[in-house]
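Visitor: Protein chains in written order, with our numbering: chain A, 1 to 388; chain B, 1 to 388.
Misleading hints may appear alongside valid ones.
Since the list gives no way to pick out one identical chain from another, each pair is judged satisfied if it fits inside one copy or across any two copies.
[What the hints assert, rightly or not] With a cut-off of at most 27 Å between alpha-carbon atoms, the simulated DSSO-like pairs for lysine-lysine come out as follows:
#1 K346 to K378
#2 K50 to K121
#3 K8 to K365
#4 K348 to K378
#5 K378 to K363
Worth flagging that the hints you see were computed from the coordinates, not collected in a lab.
There are 2 protein chains.
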Amino acid sequence: MNLPLGYKYSSVYAGIRKAEKDDLGLIVSDLPANAAGVFTQNRVCAAPVKLSRAHLKKSHGSVKAVLVNAGNANCATKTGMDVATSSCNALAKRLKVDPEQILPASTGVIGVELDGQLILKALPQLLLGLSGERFEDVATAMMTTDLAMKISGREIGRVRIAGMTKGAGMIHPHMATTLGFIMTDAVLEPRHLRDILDAAVNQSYNRISVDGDTSTNDTLLLLANGASGTKPNKKDREAILGAVTEVAVDLAKQIVRDGEGARKLVSIYVVGAEDDEDATKIARAIANSPLVKTAIAGSDPNWGRILSAAGNSGVAFSQRKVNIDFQGVAVCHGGLAMEFDEPDLKAKLDSPDCEILFGIQGKGKGKARFWTCDFTEKYIEINASYRT
Amino acid sequence: MNLPLGYKYSSVYAGIRKAEKDDLGLIVSDLPANAAGVFTQNRVCAAPVKLSRAHLKKSHGSVKAVLVNAGNANCATKTGMDVATSSCNALAKRLKVDPEQILPASTGVIGVELDGQLILKALPQLLLGLSGERFEDVATAMMTTDLAMKISGREIGRVRIAGMTKGAGMIHPHMATTLGFIMTDAVLEPRHLRDILDAAVNQSYNRISVDGDTSTNDTLLLLANGASGTKPNKKDREAILGAVTEVAVDLAKQIVRDGEGARKLVSIYVVGAEDDEDATKIARAIANSPLVKTAIAGSDPNWGRILSAAGNSGVAFSQRKVNIDFQGVAVCHGGLAMEFDEPDLKAKLDSPDCEILFGIQGKGKGKARFWTCDFTEKYIEINASYRT
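When you get a sec, could you build the whole thing from the sequences and use the hints?
Guide: Set out below in structure tokens:
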């Protein structure tokens with residue numbers, strides 16, 4: 001992957017998590033980058049989310065660095081805002097920029113005090129380690145229950161785009177999700193970045209679910225430092241929007257494939273709804289149904305659960321017009337059971353990639369894509385003892 | 001339990017489910033009973049739900065019998081309405097009443113044809129078996145993944161109330177749930193039954209969740225045949241409403257305690273919200289969070305997940321005003337971590353009864369009770385292979 005020009009990366013083990021793996025990451029843009037961000041819509045949100053929102057506003061979208069830690073969400077703690085603020089201030093001083101040009105991000109357990117001294121002590125080593133090559137080190141340092149590092153990139157002419165993300169549980173983004181950082185070296189104004197990010201998020205992070213729980217720390221940032229010297233015109237910006245969306249979809253799907261305990265990526269397509277909003281509601285209801293997700297875990301072609309979940313979506317549709325395909329096999333037509341080769345379909349459902357097509361007969365043009373994962377015993381095992 | 005006067009019960013094995021356990025149940029009122037029913041709000045609903053709704057309307061709430069089968073939901077099948085209609089017609093003929101005085105109910109797998117001949121052939125034996133004592137046989141015949149039979153009763157003066165219900169999964173009632181039949185021998189008009197049932201359901205079945213999935217077959221009926229000869233005045237009706245609500249709450253809690261794979265009944269109390277509706281939304285969000293439910297499975301006092309789930313409820317509240325008690329132990333005060341004895345609380349969470357109190361400081365008078373269960377590996381095991 002060719003990385004965008006003008007960014008440096010570093011990571012260290014600061015001692016925030018018990019396991020001795022890097023838990024503090026840093027992304028620095030040589031020249032301040034223009035930036036846009038989307039954050040969790042959870043009413044309860046973490047100190048770094050509040051501070052990042054405030055910093056972006058105060059700096060009018062000018063960002064020098066992103067400081068990210070894993071192992072502690074810095075949420076619902078007494079010292080949360082102090083820790084986030086003092087970390088940004090100390091880093092800003094060393095980078096000789098304004099504190100509002102630093103965006104903090106945290107992920108990990110909620111309600112446990114984060115020791116700010118650990119971050120302050122680690123900063124010198126973190127800065128010493130900065131390199132244009134250490135992109136994957138940051139992507140690795142922010143992993144929590146993730147089993148796989150998640151990165152993605154695209155090139156559009158001379159413009160490069162590279163993104164990293166993390167997340168495996170508490171994944172049901174609404175306007176944003178988990179942590180994700182997408183960098184480009186194009187010259188882009190904050191208002192264009194905002195449009196690009198909103199459009200990309202709506203097709204990617206807002207279309208995935210692992211467990212229907214929206215995190216308190218979700219943050220997705222798009223940075224553009226202009227280091228490529230390429231200033232896209234309107235048409236070029238559309239190509240960049242397409243490429244950023246592809247990167248965001250790629251990253252979001254990696255999160256779902258790495259969903260806690262998941263063995264399968266489930267792609268849900270809804271067509272024939274009245275509009276895209278209705279289609280998305282139906283897709284989301286199917287994606288969040290534990291009964292659909294456990295059936296897929298067991299390779300059980302129990303399409304009645306898909307129909308029932310759609311019926312709970314709040315969208316009005318006629319049961320008699322519903323067609324359902326499971327792995328390309330028609331299992332339900334006009335709301336009724338189709339004959340199908342059950343052992344054959346069960347075998348097809350053993351694939352790591354499963355596909356559900358939910359179609360409503362008629363003239364409706366509404367459609368939606370959504371991604372989820374199967375729901376296995378391992379999810380329970382992971383989450384029954386995450387904290388201890 | 002003293003059963004209401006004037007009802008008879010029967011059950012047989014009709015061969016609808018594979019396991020040779022009774023799968024067809026019958027409740028007959030000696031004199032036609034007045035009745036009210038609430039049914040699933042799922043857009044997709046089963047033939048017996050549609051037919052019961054139509055019969056109640058046509059008969060103006062006069063019910064002679066309830067015919068219930070387990071092992072097949074009679075939903076999303078070609079012959080569904082024919083099977084439900086012909087069963088009611090045949091039974092009505094034998095009981096010498098109008099078909100609309102028979103209410104059918106089904107529970108089991110969706111999308112598999114139900115062989116109506118099995119029911120027709122079983123009717124003679126079913127009728128022969130009618131007895132005033134076989135209440136529990138019907139409660140047992142309608143069990144699917146239930147491990148325990150679920151019944152409850154109360155007496156108010158000379159009036160008796162007895163209810164039975166079933167359900168362990170696909171439980172997230174909205175206006176109704178699963179199957180439940182509550183009988184009384186009071187003299188009550190349909191409009192009073194309607195009011196009593198609506199009030200009772202709102203405090204019971206609409207306040208439970210096992211997995212957040214609302215079934216296609218939910219049906220709850222309240223029958224009053226007047227056999228006690230007691231005609232309650234307005235004050236008496238309030239006492240009956242209270243007793244019916246107690247029966248409904250008792251039945252609903254039994255469903256949750258028997259939730260698929262559940263080892264614990266979790267009671268959630270929300271106080272201090274603006275109004276009861278907001279309180280219910282918060283309680284429901286906590287009850288439906290897989291992360292809260294898995295933490296309880298692991299006896300992990302991870303209250304951050306409770307706070308996060310509440311933050312996703314769509315209700316506006318100030319994080320700084322939240323107090324959370326877990327098993328009577330204050331774990332969060334003013335939105336921040338409290339010091340508590342973690343091994344002690346973990347031990348307390350091993351109890352089969354867990355309690356979450358979510359309070360918002362201030363003058364809000366809104367409150368709600370809600371019940372859910374823990375989420376264990378066993379739920380996945382049960383649901384990954386329910387159909388096959």
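Visitor: Against this structure, judge whether each hint is valid.
Guide: Status of each hint after checking the structure:
Taking identical chains as interchangeable, the C-alpha atoms of K346 and K378 lie at most 27 Å apart whether they share a chain (21 Å) or sit on different chains (21 Å). In the homo-oligomer, the alpha carbons of K50 and K121 lie at most 27 Å apart inside one protomer (24 Å), although the nearest pairing across protomers, at 68 Å, exceeds that limit. Taking CA atoms no more than 27 Å apart as the test, K8 paired with K365 passes in neither setting, with 45 Å inside one copy and 53 Å between copies. With identical chains, the CA atoms of K348 and K378 are at most 27 Å apart both within one copy (22 Å) and between copies (25 Å).
In this homomeric assembly, K378 and K363 never come within 27 Å of each other (Cα to Cα): the closest approach is 42 Å inside a single copy and 43 Å across copies.
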